[in-house]
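*Asks:* Residue-level listing of the chains:
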Amino acid sequence: MKMSEHSTIGISSKPKTKHWPDTCDSEAPCHTFSISSLQILDEHGNLDESRMPDVSSEDLVKLYRAMVLARLVDDRTLKLQRQGRIGTVPLCTGHEAVTCGATLAMRDEDWFIGSYRDLGGRLMRGEPIENGLLYYNGHEEGAVFPGGERTLPISIIIAAQCLHAVGVAYAMRMKGETETAVVCFLGDGGTSEGDFHEAMNFASVWQVPVVFVVANNQWAISVPREKQMHSRTIAQKAIAYDMPGIQVDGNDALAVYKATKDALDLARSGGGPTLIEAVTYRMLMHTTADDPTRYQPPEDLEIWAKRDPITRFRKFIEQKDLWDDEQQTDLEAQCKQKIEAAVAAFESRTDFKVDSPFDHVFGTSHTRIEQQRAEFLDMLKKESADG
Amino acid sequence: MKMSEHSTIGISSKPKTKHWPDTCDSEAPCHTFSISSLQILDEHGNLDESRMPDVSSEDLVKLYRAMVLARLVDDRTLKLQRQGRIGTVPLCTGHEAVTCGATLAMRDEDWFIGSYRDLGGRLMRGEPIENGLLYYNGHEEGAVFPGGERTLPISIIIAAQCLHAVGVAYAMRMKGETETAVVCFLGDGGTSEGDFHEAMNFASVWQVPVVFVVANNQWAISVPREKQMHSRTIAQKAIAYDMPGIQVDGNDALAVYKATKDALDLARSGGGPTLIEAVTYRMLMHTTADDPTRYQPPEDLEIWAKRDPITRFRKFIEQKDLWDDEQQTDLEAQCKQKIEAAVAAFESRTDFKVDSPFDHVFGTSHTRIEQQRAEFLDMLKKESADG
Amino acid sequence: MAKLNMVQAINRALDEEMARDENVITLGQDVGLNGGVFRVTEGLHEKYGEERVIDTPLAESGILGSSIGMAIAGLRPVAEMQFSGFSYLMFAQLEGHASRMRSRTQGQHTVPLVVRMPYGGGVRALEHHSESHEATYAHLPGVKVVIPSGPSNARALLAAAIRDPDPVVFMEPKCSYRAFREDVPEEPQVMEIGKGQVVQEGADVTVISWGAMMRPTIKAVEAAQKDHGVSIELIDLLTISPMDTDKIVSSVKKTGRCVIVQEAPRSFSPSSEIIATINDHALMYLEAPVKRVTGFDVVTPYFGKEQSYLPNERRVRHAIEETIGF
Amino acid sequence: MAKLNMVQAINRALDEEMARDENVITLGQDVGLNGGVFRVTEGLHEKYGEERVIDTPLAESGILGSSIGMAIAGLRPVAEMQFSGFSYLMFAQLEGHASRMRSRTQGQHTVPLVVRMPYGGGVRALEHHSESHEATYAHLPGVKVVIPSGPSNARALLAAAIRDPDPVVFMEPKCSYRAFREDVPEEPQVMEIGKGQVVQEGADVTVISWGAMMRPTIKAVEAAQKDHGVSIELIDLLTISPMDTDKIVSSVKKTGRCVIVQEAPRSFSPSSEIIATINDHALMYLEAPVKRVTGFDVVTPYFGKEQSYLPNERRVRHAIEETIGF
Ligand SMILES: Cc1ncc(C[n+]2csc(CCOP(=O)(O)OP(=O)(O)O)c2C)c(N)n1
Ligand SMILES: Cc1ncc(C[n+]2csc(CCOP(=O)(O)OP(=O)(O)O)c2C)c(N)n1
Ligand SMILES: [Mg+2]
Ligand SMILES: [Mg+2]
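Chains as they are written, first to last, in the working numbering: chain A, 1 to 387; chain B, 388 to 774; chain C, 775 to 1100; chain D, 1101 to 1426.
Treat each hint with caution, since some may be false.
Restraint ranges, calculated between C-beta atoms of paired labels, are given here [what the hints assert, rightly or not]:
#1 B:Gly513 with C:Val972: 51 to 61 Å
#2 D:Asp1346 with B:Glu770: 34 to 44 Å
#3 B:Thr565 with A:Asp300: 26 to 36 Å
Pairs of lysine-lysine residues, derived as BS3-like cross-links and limited to a Cα-Cα distance of at most 30 Å, are as follows [as the list claims (entries may be wrong)]:
#4 B:Lys562 with C:Lys821
#5 A:Lys381 with C:Lys1079
#6 A:Lys227 with B:Lys768
#7 C:Lys1000 with A:Lys382
#8 D:Lys1326 with D:Lys1353
#9 D:Lys1354 with C:Lys1027
#10 A:Lys79 with C:Lys1079
#11 D:Lys1295 with D:Lys1326
#12 A:Lys353 with A:Lys382
#13 D:Lys1295 with A:Lys353
#14 B:Lys768 with D:Lys1405
To list a few chain B residues with every Cβ distance to chain C over 10 Å, as calculated [claimed, not checked]:
#15 Thr419
#16 Arg463
#17 Thr480
#18 Thr565
#19 Arg612
#20 Thr674
#21 Arg681
#22 Gln721
#23 Thr751
#24 Phe763
Hints were generated in silico from the structure; no laboratory data involved. Predicted, not measured: the structure shown is a model, and the values here were computed from it. Yeah, the Cβ is synthetic: ideal placement off N, Cα and C, and Gly gets one too.
Work out the full structure, taking the sequences as your base and the hints as a guide.
*Replies:* Okay, structure coming up:
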């Protein structure tokens, strides 16, 4: 089993089940477990050199650009929604380091399986900006993109995707793609669902190559972490499965990157699954339909604004002379241009097929569906004839 | 918060969630957890005096008698099934210390919520022997008994009962019965279900008075523990919820008793839930429909026969001069008599109401149900007229 | 009398029942401080406290399973599923325990609980937020399925559901939540579960609908009456299961014609059962096939296509015309 | 030709499909070394190994959810639910993902999986082991529901289900598992999903059934023919959803009379949908109300009462007689 040299993640040795009377000394605890944590880049942009992962300057810049793009797309989408030009949208501001940091550690052939708050990672995976706009404006067309074969669509049903991730990972190993792994994203609230537990258990029993990244943003809509769970960390949920678990600063893209990279190395080498808790904060409303002032202590936002993942990363790459104000101006201009192009493309889309729901019920259609399609089209014709 | 003095179960202190940069030293693990184990009476009947709980001689004998009765009922039921006088039955041999030891620690007003392998405890709760026979011969009448208001019927759906236990515990606290607790039984396989996880989480978030007793008998039908979970113990699953967890020798009725008693004391004092893993072995087939020779290493049974919960307990009470051969002979005779009386009563039961399913769909019936009942009774009349 | 919309009316019923009976509690995701994502539980947290208005963890089976325990132990839980599209995660608890505890124990243990859930389309919501799958629950013996259509019956039926000795699935047409207001009397109201309501009597055709579809249906009925001078009997089903056989059958015996309007996919749906009920009890009175206006046997499309997918006034009118002209 | 019972025939189909396509795998509780609690997967573990015949942990949602991932990634999982009564624990995964992945992604991702489950009564089993709730699955768009009635069609339909590009719920009438044998050809057989089968043609009345109810139905049909000289068209539905409209409609147009026999509770059931289908397409051909012989809207009783509860030959015969005599 090959592991990256400075791995943050290890698997503890696993003695067999206890069979009395080979009991261990009952005075002392028989089994001990621990969870460690990781921060590399603190909120001021100071680097803990000793933990710095091996990332090229190119990749550092790529990561930064990805986070900025995600933030700007979020801004723009929120505005579109407020202008009534798009439906309800969940927002991702604050999550950029989690999703982009983890995605940077992935290979193209790895599978990206997540939910609705992974915008940054999705864009890095090649999803066009236009897609999210389409999707959140009620079009299935926004859930697919060429090259998206290994980027699954958003799972709105919380935590259900964790099981898909396990199945995909199983299939990869069985098909001999032993170097391919799966990264699965979910939220703190998601860890309460039974499916999360079943996925953790299946993943650990099968020792499949999957990395669960929990974006612990302290809220599940209005429900705070303390009402969601009694556990002091989410990482410790891995202990239930004798799975490696680690808690990382989720606003530190380097820490997220390193933990994910180590977990992926472990997974690729046959070492099984890992749980990563990335501690972060949801900086905007849950979705545009939500009003956090009803439940959120306002000082939280102030505290967490200081820990912004993008600000600290910019400081860091500026200190490394990889970035300057001019580049920043350029980047913002480029992003805006891309975004505006996507908005324009999105708003000019008219090629939606009204009866497409009938096309995709089954791969081979059936009389019953076709009869209903005919009836449906006939009705539409009558309706438009009626004026 | 009052706790029994020599409690085996403690709750670790709970620091707040990590908010970087108040990070702990990243070199060392930030959070450590441990699981301890407990055996008091070893397989030879030797007592670890230092751990002996405070149990009266009367209760020791009561516990022994309960275990013997359960074993003899199991024997008899198996025979009845083999003779075709009863339907498929799950068997409980081997589990006596788990279910009777835990039940001894309960008060009458506590709730007993379990599954199909808790016979010994059910009998201690006052369920007539006849009930099981009726139940396993296809009669709802066997699922209820006078005084059974706080002994829920068998939950065949694995682990579903864990959530009911949490709800009942919540209700008890809310209704001001703060000294009442719930004991919930399930199996090793049951810990794989999502409902187990959700129940553990709800119980810990709500800090309700419930004790989960997992009878880890190494098998879920033919699936061995290693295919069921990757975790080295089941007790450690408590760590995911920052819930106290302990692994006990499930063939040691004293250990089970003590762990349950301590957990109940904790629960009654407002200290919340506990998970107890009782390590035991299923000494017979899963149910009479099962053939364990297809999957079970035969040596297992030999090994575990030596660890029999009843044999060792008898040695122990004999050493304490609480039991002798004559009492044993009497006990067996009494049990057999009770059992035969129950079998006779069961076999002479004819008061089953053929349309009772229509009586119990709803508390207030409905035309649709009554129309169908009339039709049903009419059909039966025609059928019997046809001869 | 107060003019309330459906959200307010449901909130009123919850408040009244919680005030009346201290065993009534409510639990679900975001039902506390936030007052529910639709604000149906607004103010209850403040008034009745955290113990009786519980923000649960994010786990539907957990919510329903623990509600079952609460109900067995003497509480009257009103559980909220945030959207019916997530309620399937608790289907096993409902089928396996809530619906059966009474029959399992011949009445020794019972599960008087309500599970509320907004359902249906028309609000431009994300995937899983627009389905109308009441038939999934209606096929379960031991469970009642109730769908109100307006503020007034929502309030009175919810009160009845809370007082009912058995589990009630209470599906709320979310697109009617704030669509209109009705006069709601000051004193608590309770309506019998299991009965449909004849909204207006008529002689020529029976029109049956429920929930959100009542609004386009009423408009279509009015238009058809005006345009064709036809006399229409309109039934609001209100309880999907157990279904009010008598009301359907006696109406169809009178009119000989029937149109059913539902949002749900067509096959294996409430309209199928209504037609079967007519077949069982009144077939020979039919002068035309029963006409159904329904959703389709396709996955409910994203909202970009829901306007074309959902039954509307015009489709209902066409169906009435066709049935009359048959 | 070999004489096989249904368990052997299903086992044969699994074996053939696993041999044909290395992407076919099977998973579930006890399906490995133990060969399944009904021995349906016997021998496969030995032959295809642990990787392709997986004893899973005890978690139905886990089984189906991971199967969905496997199917998306190119495998063809055949998941077993030990009994249909436990399958509701995976209902959310089926409804939320298996049935929708194709429509969600307009075909980019698909979920070709089969979920097998024994269903139905008559084997003196414990609670939750005797229900016939196919309607629960049949109402789901995007999912096919298949119920074989004998060894031969079980084998050919399972092969079709495994090759199908979409999720198929394959419900096996457990009381027919070992009840009789049929000649099964050596070479693999594949039958089209979505089609009923006319078991025998007839002119006077159409009788429709499926699954375990086919056996008492066949006997009743034979008896009625003998006693009353009547000509009966017998349809084995085989696919519950999507239902074979044409076969039902053309038969009823010919006979004008119809009897449906199902084990399931009556309301919101397949018989409701069959009646609705007849209403939609052939109502005016009916000379008598469609007669249904069904289970009841009660919780399926424990087996002490299942003999009186379950439809039997005599009830079917009475129904045929009544319908003919109408
Ligand atoms: C199974 C399910 N239940 C409920 C919901 C409604 N809902 C949408 S998001 C959300 C909160 C999710 O919280 P978390 O998992 O922490 O993710 P976050 O939104 O914070 O990123 C809820 C309850 C859902 N989508 N799926
Ligand atoms: C939800 C559910 N799935 C499957 C089954 C079928 N089944 C009955 S017992 C059993 C094994 C249970 O194992 P475990 O929890 O370890 O309890 P044990 O039988 O060993 O006491 C299974 C799979 C069931 N009863 N419920
Ligand atoms: Mg969150
Ligand atoms: Mg076990």
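*Asks:* Taking 10 Å as the cut and beta carbons as the points, is Arg681 of chain B off the interface with chain C?
*Replies:* It holds; Arg681 of chain B is separated from chain C by about 28 Å at its closest Cβ, greater than 10 Å.
*Asks:* Measuring Cβ to Cβ, find out whether Gln721 of chain B lies farther than 10 Å from everything in chain C.
*Replies:* Given that every Cβ of chain C is farther than 10 Å from that of Gln721 of chain B, nearest at about 29 Å, it holds.
*Asks:* Would you check the hint for Lys1000 of chain C and Lys382 of chain A, treating anything up to 30 Å between C-alpha atoms as holding?
*Replies:* Holds. Lys1000 of chain C to Lys382 of chain A sits at ~20 Å (cutoff 30 Å).
*Asks:* Are Lys1295 of chain D and Lys353 of chain A close enough, with their CA atoms no more than 30 Å apart?
*Replies:* holds, 29 Å
*Asks:* Against chain C, does Thr480 of chain B hold up as non-interface, every C-beta pair farther apart than 10 Å?
*Replies:* For Thr480 of chain B, whose nearest Cβ neighbour in chain C is about 26 Å away, the distance exceeds 10 Å, so it holds.
*Asks:* Are Gly513 of chain B and Val972 of chain C spaced within 51 to 61 Å by their CB atoms?
*Replies:* holds, 52 Å
*Asks:* Going straight from one Cα to the other, do Lys1295 of chain D and Lys1326 of chain D come out at no more than 30 Å?
*Replies:* Roughly 29 Å separates the two Cα atoms, so the pair holds.
*Asks:* Examine each Cβ of chain C, and state whether all of them lie more than 10 Å from the Cβ of Thr565 of chain B.
*Replies:* Answer for Thr565 of chain B: holds, closest chain C Cβ roughly 13 Å.
*Asks:* Against chain C, does Phe763 of chain B hold up as non-interface, every C-beta pair farther apart than 10 Å?
*Replies:* holds, 14 Å
*Asks:* Verify that the Cβ of Arg612 of chain B lies farther than 10 Å from every Cβ atom of chain C, and report whether the claim holds or is violated.
*Replies:* Arg612 of chain B clear of chain C: closest Cβ-Cβ about 24 Å, beyond 10 Å.
*Asks:* For Lys353 of chain A and Lys382 of chain A, compute the direct alpha-carbon distance and say whether it is at most 30 Å.
*Replies:* This hinted pair holds, its Cα atoms lying about 18 Å apart.
*Asks:* With 10 Å as the threshold, tell me whether Thr674 of chain B passes as away from chain C on beta-carbon distances.
*Replies:* Since the minimum Cβ distance to chain C is about 19 Å, Thr674 of chain B lies beyond 10 Å and the statement holds.
Violated hints, in rising order: 6 and 23; the structure is consistent with all others.
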